[in-house]
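With this note's numbering applied, the sequence shown has no gaps in its numbers, which climb one by one up to 1026 at the end.
Read the hints as simulated data drawn from the structure, not as lab findings.
One thing to keep in mind: the hints can contain errors.
Calculated lysine-lysine pairs in the BS3-like style (CA-CA distance at most 27 Å, straight line) [unchecked claim]:
| id | residue 1 | residue 2 |
| --- | --- | --- |
| 1 | K837 | K814 |
| 2 | K937 | K922 |
| 3 | K885 | K844 |
| 4 | K246 | K281 |
| 5 | K281 | K864 |
| 6 | K489 | K596 |
| 7 | K885 | K937 |
| 8 | K948 | K937 |
| 9 | K377 | K691 |
| 10 | K442 | K489 |
| 11 | K772 | K801 |
| 12 | K489 | K595 |
| 13 | K375 | K935 |
| 14 | K937 | K281 |
| 15 | K193 | K246 |
| 16 | K937 | K377 |
| 17 | K935 | K659 |
| 18 | K772 | K489 |
| 19 | K801 | K814 |
| 20 | K462 | K246 |
| 21 | K814 | K885 |
| 22 | K659 | K726 |
| 23 | K959 | K937 |
| 24 | K814 | K772 |
| 25 | K281 | K922 |
| 26 | K885 | K1012 |
| 27 | K489 | K935 |
| 28 | K837 | K772 |
| 29 | K726 | K715 |
| 30 | K875 | K922 |
| 31 | K659 | K1012 |
| 32 | K772 | K595 |
| 33 | K814 | K864 |
| 34 | K442 | K227 |
| 35 | K837 | K801 |
Derived CB-CB ranges, DEER-like [as the list claims (entries may be wrong)]:
| id | residue 1 | residue 2 | range |
| --- | --- | --- | --- |
| 36 | D1002 | D206 | 11 to 21 Å |
| 37 | D283 | G904 | 27 to 37 Å |
| 38 | G936 | M423 | 18 to 28 Å |
| 39 | K246 | P660 | 52 to 62 Å |
| 40 | P729 | G936 | 35 to 45 Å |
Here the structure is a predicted model, which is why all the values come from computation and not from measurement.
Even for Gly, the Cβ is constructed at its ideal location relative to N, Cα and C.
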Amino acid sequence: MQNSVGEVRKGVPQGNITSGVFDQSSVYPGTRREYSVYIPDQYKTDTPANLMVFMDGRGYLKKNGAFRVPVVLDNLIDQEAIPVTVAVFVNPGTIAAKIDGATTRSNRSFEFDSLGDRYANFLIDELLPVALKGINVSSDPADRAVCGISSSGICAFTVAWEKPEQFGKVVSHIGSFTNIRGGWAYPGLVRKTKDDPKAIKVYLQDGRDDLNNLHGNWPLGNQDLAAALQYAGYTYKLTMTDGGHSSKWGGEELPTALKWIWDDNAESTNLPVVNTKPKWEPHPDAIVRDDVPQGTVEEMEPWSSKIFPGTTRQWAVYVPAQYRADEPAALMVFQDGERMRNLNGRWRVPTVFDNLIARGDMPPTIAVFLNPGNDLSKPQRKGRQSNRSFEYDSLGDRYSRFLLEEILPEVKKRYSISDDPSMRAIGGSSSGAICAFTTAWERTDQFRKVYSNVGSFTNIRGGDAYPSLVRKTEPKPIRVYMADTSGDVDNAFGSWAWANQRMASSLKYMGYDTRFDWEEGYAHNADFGSSKFPDAMKWLWRKETPTPVIDTSGDLGGDLTLLNLLIPGESWEIAADNLGFADGLCADKEGNLYFCDMRSSSIICLSVQDGSQREIAKQSVSGLELSPDGKLLYACQGKQNRVISIDIATGDVKPITTGVKPNDLAVTADGMILITETGAKQVTRIDPATGKVTAVDTGIAKPNGIALSNDGGTLAVSDHGGSHTWTFRVNHGATLDAKMPTMPMRLRIDDKGKFDFNQPPPYVKSSRGDGMAVDKVGRYYITSDLGVQIFDPTGRPCGVLPKVNADQPLTTCMLAGRDHSTLFIAHGKRIYRRKLTVQKPKR
184 MQNSVGEVRK GVPQGNITSG VFDQSSVYPG TRREYSVYIP DQYKTDTPAN
234 LMVFMDGRGY LKKNGAFRVP VVLDNLIDQE AIPVTVAVFV NPGTIAAKID
284 GATTRSNRSF EFDSLGDRYA NFLIDELLPV ALKGINVSSD PADRAVCGIS
334 SSGICAFTVA WEKPEQFGKV VSHIGSFTNI RGGWAYPGLV RKTKDDPKAI
384 KVYLQDGRDD LNNLHGNWPL GNQDLAAALQ YAGYTYKLTM TDGGHSSKWG
434 GEELPTALKW IWDDNAESTN LPVVNTKPKW EPHPDAIVRD DVPQGTVEEM
484 EPWSSKIFPG TTRQWAVYVP AQYRADEPAA LMVFQDGERM RNLNGRWRVP
534 TVFDNLIARG DMPPTIAVFL NPGNDLSKPQ RKGRQSNRSF EYDSLGDRYS
584 RFLLEEILPE VKKRYSISDD PSMRAIGGSS SGAICAFTTA WERTDQFRKV
634 YSNVGSFTNI RGGDAYPSLV RKTEPKPIRV YMADTSGDVD NAFGSWAWAN
684 QRMASSLKYM GYDTRFDWEE GYAHNADFGS SKFPDAMKWL WRKETPTPVI
734 DTSGDLGGDL TLLNLLIPGE SWEIAADNLG FADGLCADKE GNLYFCDMRS
784 SSIICLSVQD GSQREIAKQS VSGLELSPDG KLLYACQGKQ NRVISIDIAT
834 GDVKPITTGV KPNDLAVTAD GMILITETGA KQVTRIDPAT GKVTAVDTGI
884 AKPNGIALSN DGGTLAVSDH GGSHTWTFRV NHGATLDAKM PTMPMRLRID
934 DKGKFDFNQP PPYVKSSRGD GMAVDKVGRY YITSDLGVQI FDPTGRPCGV
984 LPKVNADQPL TTCMLAGRDH STLFIAHGKR IYRRKLTVQK PKR
């Protein structure tokens, strides 16, 4: 501790600590948490004290821990270095198990990592009135602070961000401004408040070697947030210490942090953005050589687009001298084409291509140079209005469709180009660069090489989401070159320098074939990128196929990263084909898979031994589950308003109950059946012994998939009509409580929505959450509009396995096969399987 402030000193009055338990929350129903209150010896009942709330309170209270907050407060208050301050220490909530064999579940991630005002409301409306009863604390937000570490660090920021009229000061140690539950969005949100900053003062501490894992890069996340606070005019301090994801360095800095946070004259950190203008000279490969054959550039007729209606654009096509009509050429598309092909400009692409193709450093490549469209329907400027930002900065597949449905067919009328996606590249600078990445991201089946210079992976129209999406999506076979500099632009939409570093870090973490050229200084221009462009093309078009380098050493023990689940070289295989409509997957203890072909009204068993298929019964069902003794299949028949049992040995069918509209079902350890009734917005309990039906939950928009945790203590229910999957505590008799939307589902971008400036992309309102499965480690696999979404046992998103066929429905999934380590998905007319590494990685 600095100046031994964390050591008990003789003669220094010691405060008093009392503790309690709070278990009456309506914000987090079913939770129980311990809390403590520190009252300094100098506290006077007739004088309002300052207030400081510490989340993850137990760690801050430890007598031999890194922080030792009560001792630090004793000493600093005694020195009059900080005001008289009452401190409340709050632990995260837990949900105690209520049935035999189940375990207590932590609610920490849902409480701390979620954005929005839920936790702030809990503190202000529920906990603090109880904890501070009879204690006189100031109501002035300038006298009230919140503090946290890691996930509670971002929670502290969220509380003040949502309720600045309650808390005006924040201390965050190694804060999780990453994608645990969307915290990556804060830099963009902060920048939007520049004209009206919130009245909060922020202290950030992080270690230079902090985590780089499935959720994000902590040092880059904290520095990106600091840059945003600086841009928007907040009073803030950033302290980058040695060390990693540990309380040690935060503890050493705590006295300084407390003095700074309570000092009304404290100065902010200054993170300078230094632009330089080094002398630019063209790369040797960007200079015309007399001994090199030169290609031709053909000006094309202006193109009027249907996908971008009302726009017209100039474009041109470069054809290398080595082109032969009987040998399909490689393809590269450039945004901002006129600038890229200018032989007197920075890029000089035709000359670079001439030299590299002649030397064999890249294949004969046709280049398409596209200018952004001009929208004549908008207010005119010099006779035109550029549609550039809308086309380039918008996420989704609109621009890729424009290329594939309009431009490339026109090119193919004249030239022979390869259909091999590995022989197709796309590139650009600034907004043209993020457009290039978006095209390959959306249509990896068409483009697998990306060139990006000073890419706009910022919040112009939601592009700041990419670093987080990359880390939680099955890696795509895309090769990505990036270039950027520390002098890049810092404006209302983001810091290009930090954004590109976050993007490069994500690609590297996920094992992409990627290269990132970085330099100090420069600015948001082509000077550095063009000087590296020929080298970038040689790297991008090299014939080497490298082995992905996967390093998950930055993941914590509880982080169930997608990379450790997927097996290199393993992909989806067809397990059953030529089905009418696959649904209702379940598995027995041996790993045999049961499923229904609904259109042929057949329930089939797929053997784990030899892959053979055996018909169990002629029935059409939407949900299947085994009885506790494994002898019966319970099944949902919504059209017939009933739940049935099927004898696996004989195929005999018996109704269990009628008068219900079941969609899917789960069976508790004591044999109760829980069904989702989507139309009724209800979860219903059925006693199979009596057929008695009881509603145990109502209110989910469209409850659909349903599954129990391995210990039987938690029930998960997907929402076909909403944005979350819900969890409940299971009590004796299969009653439910502790209902919370703990799993945030990724939503599909709505291509028909408005892609507004400086706003997130438009998302559909529903994830179309459907059937689900749970593996032996406790991950939840939930089928959705995007694919299989995977969550860890606490509800944190681990990643998405995209659909195999985008035009086919994905209805449910199941872990089956030997060791129950193969994921099966019901995907329209087929069932696919994929081997996984389900066990936890060894540490």
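Here's how the hints hold up against the structure:
no. : hint                     : verdict
1   : K837 - K814              : holds (13 Å)
2   : K937 - K922              : violated (33 Å)
3   : K885 - K844              : holds (12 Å)
4   : K246 - K281              : violated (33 Å)
5   : K281 - K864              : holds (25 Å)
6   : K489 - K596              : holds (19 Å)
7   : K885 - K937              : holds (26 Å)
8   : K948 - K937              : holds (14 Å)
9   : K377 - K691              : violated (33 Å)
10  : K442 - K489              : violated (61 Å)
11  : K772 - K801              : holds (23 Å)
12  : K489 - K595              : holds (19 Å)
13  : K375 - K935              : holds (25 Å)
14  : K937 - K281              : violated (47 Å)
15  : K193 - K246              : holds (16 Å)
16  : K937 - K377              : holds (24 Å)
17  : K935 - K659              : holds (25 Å)
18  : K772 - K489              : violated (55 Å)
19  : K801 - K814              : holds (17 Å)
20  : K462 - K246              : violated (58 Å)
21  : K814 - K885              : violated (31 Å)
22  : K659 - K726              : holds (18 Å)
23  : K959 - K937              : violated (42 Å)
24  : K814 - K772              : holds (11 Å)
25  : K281 - K922              : holds (14 Å)
26  : K885 - K1012             : holds (24 Å)
27  : K489 - K935              : holds (14 Å)
28  : K837 - K772              : holds (23 Å)
29  : K726 - K715              : holds (19 Å)
30  : K875 - K922              : holds (23 Å)
31  : K659 - K1012             : holds (25 Å)
32  : K772 - K595              : violated (55 Å)
33  : K814 - K864              : violated (31 Å)
34  : K442 - K227              : holds (21 Å)
35  : K837 - K801              : holds (13 Å)
36  : D1002 - D206: 11 to 21 Å : violated (40 Å)
37  : D283 - G904: 27 to 37 Å  : holds (35 Å)
38  : G936 - M423: 18 to 28 Å  : violated (39 Å)
39  : K246 - P660: 52 to 62 Å  : holds (53 Å)
40  : P729 - G936: 35 to 45 Å  : holds (38 Å)
The structure fails to meet hints 2, 4, 9, 10, 14, 18, 20, 21, 23, 32, 33, 36 and 38 from the earlier list, while all remaining hints are met.
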